[in-house]
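S.K.: Go by the hints and put chain B onto chain A.
If you want the building blocks of each chain, they are given just below.
Protein chains: 2
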Amino acid sequence: MVKSIRERQHATFDVEKLTHILDGGPEKTRRRREIESMVFSDPDFKEEDPNFLSRSERYDQAVKKSAQMILKLREYGIADPDEIYCYKNCVHPDRPEPLDLHLGMFLPTLLNQATPEQMDRFFMPAWNLEIIGTYAQTEMGHGTHLRGLETTATYDPATQEFVLNSPTISSIKWWPGGLGKTSNHAIVLAQLYTQGNFYGLHAFIVPIRDMDTHIPLPGIVVGDIGPKFGFNEVDNGYLKLENVRIPRDNMLMKYAKVEPDGTYLKPPSAKLTYGTMVFIRSMIVGESARALSKSCTIAIRYSSVRHQSEIRPGDPEPQILDYQAQQYKLFPLLAMAYAFSFVGQYMRRTYNRISGDITQGDFSELPELHALSAGLKAFTTWATNSAIEVCRMSCGGHGYSRSSGLPDIYVEFTPTCTYEGENTVMMLQTARYLLKSYRQAKAGQQLSGIVSYLNEPKHQRVQPQPVAARPTVVDINDLASLVEVYKQRAAILVDLAAKSIEQELQQRKSQEDAWNNSAIDLVRASDAHCHYVVVKLFTDKLVEVGDTAIHSVMSSLALLYALHGITKNSGDFLQAGLLNVPQVLQISARIKELLSQLRPNAVALVDAFDIHDKKLNSVLGRYDGNVYENLFEWARRSPLNSTEVHESFHKYLKPLRSKL
Amino acid sequence: MVKSIRERQHATFDVEKLTHILDGGPEKTRRRREIESMVFSDPDFKEEDPNFLSRSERYDQAVKKSAQMILKLREYGIADPDEIYCYKNCVHPDRPEPLDLHLGMFLPTLLNQATPEQMDRFFMPAWNLEIIGTYAQTEMGHGTHLRGLETTATYDPATQEFVLNSPTISSIKWWPGGLGKTSNHAIVLAQLYTQGNFYGLHAFIVPIRDMDTHIPLPGIVVGDIGPKFGFNEVDNGYLKLENVRIPRDNMLMKYAKVEPDGTYLKPPSAKLTYGTMVFIRSMIVGESARALSKSCTIAIRYSSVRHQSEIRPGDPEPQILDYQAQQYKLFPLLAMAYAFSFVGQYMRRTYNRISGDITQGDFSELPELHALSAGLKAFTTWATNSAIEVCRMSCGGHGYSRSSGLPDIYVEFTPTCTYEGENTVMMLQTARYLLKSYRQAKAGQQLSGIVSYLNEPKHQRVQPQPVAARPTVVDINDLASLVEVYKQRAAILVDLAAKSIEQELQQRKSQEDAWNNSAIDLVRASDAHCHYVVVKLFTDKLVEVGDTAIHSVMSSLALLYALHGITKNSGDFLQAGLLNVPQVLQISARIKELLSQLRPNAVALVDAFDIHDKKLNSVLGRYDGNVYENLFEWARRSPLNSTEVHESFHKYLKPLRSKL
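These protein sequences, in sequence, are chains A and B.
Just so we're on the same page, the working numbering is the position in the first sequence counted from 1, plus 95.
Just so we're on the same page, the working numbering is the position in the second sequence counted from 1, plus 95.
Any given hint could turn out to be false.
Copies of the same chain are indistinguishable here, so a pair counts whether it falls within one copy or spans any two.
As the list claims (entries may be wrong) - Calculated lysine to any residue pairs in the SDA-like style (CA-CA distance at most 20 Å, straight line):
#	residue 1	residue 2
1	LYS159	ASP139
2	LYS687	ILE615
3	LYS749	ARG103
4	LYS687	SER650
5	LYS754	LEU224
6	LYS159	ASN447
7	LYS335	GLU739
Simulated from the structure, these hints should not be mistaken for laboratory data.
Bound-form chain A, shown alone (with noise of 0.2 Å):
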């Protein structure tokens, strides 16, 4: 198409070359497309519109292709766990699906929990798909909170099984993936009995379906816990358990055990649970910058398709991205979505560099990192959930339309901001180690890492205070400039939510009111928190980037992610006196300066995260920008045009005349 060539001619720079960025090197790139072009021209892996399907016909599509690519991941030896995600991702575009919990829980909780002779009997059965797992620990009362889960496993010495129940209808393991028609046996998590004491929460195996005829075994009680907004592919489940018992060897017994009279031995630390969490928190980052890059793409490119209205009466209807209010939509998310993708390199890099450590036994930074990949989560999944909907609503009624592509990118990330952590108690597990790190340094420590700032003394000194009676030096064009006042922001905010808990204590609260009721306090100074470590990590990537071009168009960007942040929040900095108002004005002039400046690179950034359109599945966001063609063609495919005449009419309107 004419159009999308004339944009793409606008470009300042070499859009590959910031594909290998974004990719990791050339190379990355190279692998990549190639395992996009196995699958996308495998005639196995052709795929009716699941919008088009039923639920039931959504999920029988979801098991054929999850079946056919174990087949051809073990026929063409794809064996490393990214290239294993990436080929997953395009067989299932960017959809869970119903082995997603079996591969990505069920067979890594053998690997670290299950004896050797767990591992025999279970794992290769398991690997060869006759076993087919899933991870059961929330239930429908319980979520976060591992203490609160309900369900037991009591020992019984006289026939060495455990005796498994679900108490109460709260109690009932609900949305494990895979659960409600998939999986024949469930990695349940229950609360230990044995010898009369209580142990606390274990890991069990339970077969929960006959593995020939995969019905459910006597005092199982198994479904799916039905619709949800998305993920329809998957069969989250629910699991009633009825004195249901299994032999005690198929308790995970790597590091606690019960002997076979009942006798409890601990296990040796409790850390190491504590890894995996962290690792799914940060990839969220990166997923959070998956989403964000493919909504901008079908927002951006569609805004340089669409025609509407005029600027100037009697002017051809010009492209809605030429209007500044647009421009003001979707430029700041694109930036977002730079920022989030580099976070989410700088997230997997640190956790590989920390996870080396760890096995060499030094835990020192494994705190931080926690902190950090928990307040991350929540930042970015929640930023990235408002934007795509700015995305889609920028596209206006055509973006409601299931042929966007926006409606099944929204519904299938928001729970991002749910799982792995809810994103306000993650806020506040980064506020306490932030509040802990900040009374260290209060009382003479030095921190070191990201925290670190907490010791800079003047931030301890810092009160609310007039503007004016502050010197400011912040130039607003300078990115190392604006990382301090960020810097600052997060400081004060960590100190004003410190001084809300201390007034609380003063009070007479006792330490967990006063955190409760320094709750908003407390995610605030996460928030300021995570946004400082996004502005660093984004400007510290820069340093990076060799190619001018490139270094030019990604400092615009960054300097537009920190400016749009300040006056959104511009509260705070003038708050703390980091800025004064002629500043805040001129940060206003100076977003409409980038807004500009980057208009004819946006669709070239957009093109650069290079989403195959396989992928991308968006009418709006095609590539050669055929929009309304193919809308045409998507539409008359639908199945409510199966028929000219739908068998409401003669059923109910035509008898209706008689009646009336």
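M.R.: Okay, now just chain B, sitting in the frame of chain A:
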């Protein structure tokens, strides 16, 4: 349930009396409940949960119920528009339905724009559902900008017919509800050509399907536009016209006319369609209030049932509504629900008053109402749109289940941000009125109505300046004082937007480019204006509330609404010197107090919305609080559980074993 009773015992006011205030009097409450009970006890309206049905089944069920509804409305003699609306919203619990455009647009357009002869031909058949019609304006490539529409109607005097055409793909009519499958007629908006001249957009009655067989007529390509985010009951359609000939007297000719020889006669006035838009936008404000009330009802009731984590170690898990972070999410939204309810009442009353004036020939207040309805439509729908999702996510994982009702509320509500005037476009329309008023005020003209504050001289001199430089006399506990600062903020932001346009003009930009380059400031000014109006109307409403207990709790809500709005936009207030830093800190502390203060009344405050369980359609929001039992029961009924073993096991998973 004991828990629910205990929650409700804490209320400090009479719930029933507050319900009367919301309904507009005890008689209105009584009649609403009467209609609700008529529908909900009627076995003909029993429905299967739409979430368990395919798209085609949902459409089928909706057509069935709509046909029943037409019969019963006639049978019971329900004819008052408000009562029809109430009845319809029980039959299709707050869901759009296939006959919406027939009833809401086709019939009214005939009434307004048909000649007596056309009324004879079309009205009674349409009233009796022989003719089923829709209103086809929007095209695939063209939305709000009417001059951009491409469909043509060319008069052929030889046959005395209009020839209608969709000359391009982008000109295909797209979106009209009921067009895809239900309607046999459409009022088509098309550009009129006669005697070689162009006369702009006019309305034509176009038969599209055979009255007997319902098969599309020659030259008509019609169908459903395919699945959307929501609106699954509605067959939003497309319509491509290929040399479709209709008789001359199928043009709606009450105002403009084409004579048999093709002579065009102008309509007497163009202002007459203005009112409908204003009416619909005013109604949408009320819809925002209802969607938000439902969402708050679900989230707040569930938060009083759900127990999670611990505040003090060892204590039982507290109700999640006892967490400050949860209160901070939900109570400001509860306050907003009340604010928008009262604004909705005001808009309705004002519309009725002004349309009385209009029928008397007095158009003087219409421009202000037009500007107000545009801005408030955008302001309330944007705020509600985000708020629904906050409510959903505040319910944790279960909010993501369709059983919560929240996904449906969201997908049915979110189009209000786009239709009947895209929100950013609406904000800019309001800004146009504000800027015009601002210039009139500057020219010494005395303004009337809600914008008269632009006359107050001090605002015209206000320059953004350091906080310390201005004395502040705001009492943060006094609503009148808060209304005043909101007003001043609006005045200052209108001033800022005007200055931005002036600056652009000084740089020799055209008026139009100056406007476009100030869009960010203009939207911000409109937003502040609307925010002021909402705070003002909430405060005004309190005067009407005689009951002391209700007055007290409503005052707390109004204060929370106003103060929360300040903290979320504290930059504006600080920047303008309307508040100083200590006040902003006081406001944060005051908000915490208000949260605690409102906690005992929270459930009673949502009870007062008096939303019937069958309208709420939410397992989490049930009045009796029996969440978990019903969640389990709902899940078991879902279609994927109709068989114990899904066929995909035998088709794909079991065969896989032999291949690995």
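S.K.: If a hint holds in the structure, say so; if it does not, say that too.
M.R.: Hints versus structure:
1. LYS159 / ASP139: within (9 Å within a copy, 40 Å between copies)
2. LYS687 / ILE615: Between copies only: 9 Å across chains, 32 Å inside a chain, cut-off 20 Å.
3. LYS749 / ARG103: neither (54 Å within a copy, 50 Å between copies)
4. LYS687 / SER650: within (15 Å within a copy, 40 Å between copies)
5. LYS754 / LEU224: between (59 Å within a copy, 10 Å between copies)
6. LYS159 / ASN447: neither (34 Å within a copy, 59 Å between copies)
7. LYS335 / GLU739: between (46 Å within a copy, 15 Å between copies)
Comparing the model with each earlier hint shows violations of hints 3 and 6; every other hint is respected.
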